[in-house]
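Asks: Protein chains in written order, with numbering that gives the first Met the number 0: chain S, 0 to 168; chain R, 0 to 188.
None of these hints come from the bench; they were simulated from the model.
Careful: at least some of the hints might be erroneous.
Simulated crosslink set (DSSO-like; lysine-lysine; CA at most 30 Å straight-line) [as the list claims (entries may be wrong)]: (1) 108(S) x 83(R); (2) 1(R) x 125(R); (3) 125(R) x 108(S); (4) 94(R) x 1(R); (5) 1(R) x 83(R); (6) 108(S) x 94(R); (7) 94(R) x 83(R); (8) 13(S) x 125(R); (9) 108(S) x 13(S); (10) 108(S) x 1(R).
All values derive from a computational prediction rather than experimental measurement.
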Amino acid sequence: MIELNGLRKILTLKRPARRWLVVAYWTLVLSFIAALAVASRSFGAEAAGRAFLWFWWALLVPPVLLRSVARWSTRSSILLSLNGIAEPNQGPHPMDERELSLHYRMHTKAFYLLQIFVPAGVLLLTPPEIHRSAWLASARIPLLWLLSMVVLSLPQSMILWTEPDMEEQ
Amino acid sequence: MKTEINLFGMHIGMATQVRRRALVSTIYVGFAVTLAFYLAHDRAFIRFWVLLLTFYVARLLGGVRSTEPDGLLKPFDGNEDLEKFAEEPSSLWTKLTLPRMTDRQRFHNDERELRQRDRAHYAAYKILTGAIAIGVFAAYSQVCGSWHLPKGLPLERILWGSLLAVFVASMTLPQAVLLWTEPDMEEKS
Chain S
0 MIELNGLRKI LTLKRPARRW LVVAYWTLVL SFIAALAVAS RSFGAEAAGR
50 AFLWFWWALL VPPVLLRSVA RWSTRSSILL SLNGIAEPNQ GPHPMDEREL
100 SLHYRMHTKA FYLLQIFVPA GVLLLTPPEI HRSAWLASAR IPLLWLLSMV
150 VLSLPQSMIL WTEPDMEEQ
Chain R
0 MKTEINLFGM HIGMATQVRR RALVSTIYVG FAVTLAFYLA HDRAFIRFWV
50 LLLTFYVARL LGGVRSTEPD GLLKPFDGNE DLEKFAEEPS SLWTKLTLPR
100 MTDRQRFHND ERELRQRDRA HYAAYKILTG AIAIGVFAAY SQVCGSWHLP
150 KGLPLERILW GSLLAVFVAS MTLPQAVLLW TEPDMEEKS
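Only chain R is shown next, with the shape it has when bound in the complex (with noise of 0.2 Å):
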C-alpha cells in the first residue's frame, strides 16, 4: 500500500489509519449523497455522473487493472497479469488486455498481500449479501403492505438507485475494506 494519493496533481499523506478511514468515509459520504439525489430527481446525467466518478475512485484507491497503476493499492490481481505478461509479452492479445507490466514491483502481490486481498474481498461479499438481505426484506415488507413508498418515489427509481448501489460497491468496497483496516504504517514498520 502507498503513502501517498494522488488526487488531481496533489499528493496527500495517507501513511495513517485515520486519513484513510477519513478518505473513505468522504467517498462513501459522497456517493450516498449522490443517490439520495439521484432518487429524489430521477436524471439520466446522474447514473452516468455515478459511474464516472466510480471508475475514478476504483482507479483512485487501486486494486483494479490499469496501465498505470497509481492507486494507494497495488492491482488486485498483479501476479496473475505478470505471469500471462511473462508468457507472452509480445502478442497482440497480451498488449490489448493488459498494461506493459516492465516495472514488476508496481504489480506483484506478495503473500501477505495476497492473504489480505482475500479476507477484504470476503468481508466484502458478506457486506454486499447482507445489504440485499436488507432489501430483499425491505421489498417483502413493501409487497406484504407493512409500510408504502413515499409519496413521488416510484419502486423502479429505488431498484435503479440500489443497482448503482450495488455497482459502486463492487467496484471499491475491497479496496475500501483494506484501507479501513490496515493499521498505521509508521506502526508497522
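Just chain S, same shape as in the assembly (with noise of 0.2 Å):
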C-alpha cells in the first residue's frame, strides 16, 4: 500500500465542492460503463471487457505514476483516495483518533450496503429462469463492472458526502 493521506487534503475542500467531486466522479464511472454496455452489442464482449480493464487500470496506475513525481499532487492523492488505495494511519501525517474512528465506521456502513446490495445481487441474477432473459443477460457484465468499482470507491464516496466542513467542525 503507498503511504498517503489524500482524503484529508481532499476534506479541506467545502462540502459543496466535495459533493460535486463525488458526483461528477459516479457520473464518470456510471456513464462510462454504460456506453462500454451499449458498444459490447456492436463491438463484442471481449472488446469492451478490455475498454473497462483499461479503464480501471487507468484509475489506478497514473496517480500512482503521479505520485512518485510529485509527493503531494492533489489531483493524484484525489483519485487514490477515491480507489481506496490510501493508508489513513500511515505515513508522516498519520489520522487523529477522531479522523481514524471515521474513516473505519464508514467502511462498517459500506460493508453493510455490500451487505444488502451483493445477495439482492446474487438472488436477482442467479436463478436459472432469469438467465433466459435477454436484457439481464446482457446486464450481467456491466453490473459487475460496476460493482468492482463500488467496492473500491463507495467508503470514501460516504466519507466525502457526509463529513461537515472544516468550519463548522
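Please assemble the complex out of the two chains, which come individually in their own frames, going by the hints.
Replies: Below you can see the structure in the form of C-alpha cells.
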C-alpha cells in the first residue's frame, strides 16, 4: 500500500465542492459503464471487457506514477483516495483518533450496504429461468463491473459526502 | 463475545484463540471446497446450498440481526436497533423489522466492542478490495492472452463462482476477522 493521506487534503475543500467531486466521479464511472454496455452489442463483449479493464487501470496507475513524481499531487491524491488505495494511519501525517474512527465507521457502513446489494444481486441474477432473459443476460457483466467500482470507492465517497466543513467542526 | 458456540445443540468451548481460528479455518475451507465443486460441476443446487450455508454460518458466528442472537458475537448494529426499539416498541414496523429486545445485554455493544467492530469491517473491506483487484488483474491477463481458461471451465461459471465468494465474504468476513484476532478470553481477564 502507498503511504498517502489524500482524503484529509480533499476534506479541506468545502462540502458542496466535495459533493460535486463525488457526483462527477460517479457520473464518469456510470456513463463509462453504460457506454461500454451499449458498445459491447456492436463490438463484442471481449472488446468492451478490455476497455473496462483499461479504464480500471487508468484510474489506478497514472495516480501512482504521478505520486512518485509529485509527492503531494492533489490530483493523484484524489484519485487514489477515491479508489481506496490511501492508507489512513501511516505516512508522515497519520490520522488522529477522530479521523481514524470516522474512516473505520464509514467502512462499516459501506460494508452494510454491500451486505444488502450483493445478496440482492445474487438472488436476482442467479435463478436459471432469469438467465434466459435477454436484458438481464446483457446486463450481468456491466453489473459486475459496477460492483467492482462500488467496492473500490464507496467508503471514500461516503466520507467526502457526509463530513461537515472544517469550520463547522 | 461468547465463550462457547451452539452447534446443533452441542456446546463447544471457543474461549481460546486457537479454537476460534480452527473454527474460522474449517468454515472457509468448507466454502472453498464447495465453490471448487461448483466450478467443476455447474449445478443450481450448489448455488442454493452456498446461499443457505452462508446464512447459517452468519447466524452461528453472530454479528447479524437475528430474533434470537445466539451466535458468538453480539449483533453489530445492536445499539442502533435498541434505540429504534426504545422509540416505538409496539409499532407494527418495529415488530416486523426488529427482534424483541427485552434482554438489553444481548444486543448492546460497549465502546470497545464498537471500535473492534469498525476495525474488523475495515480489515474485511480491505481484504475484499484486494481480492477484487486480483480478480480484475487476472481478468486483464486473460483478456490480453497471457493465460487461457482451462478447457471445460467457461468464463461465466468463474464469474458466478466469484460473485458467490463475494457474497460469502460480505456475510461472514468481519466476524471471521474478529474471531481470528481476538486474544484468549482467559488472557484478557
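Asks: Determine which of the earlier numbered hints do not hold for this structure and return their numbers in increasing order.
Replies: Checked against the structure, no hint fails, so every one of them is satisfied.
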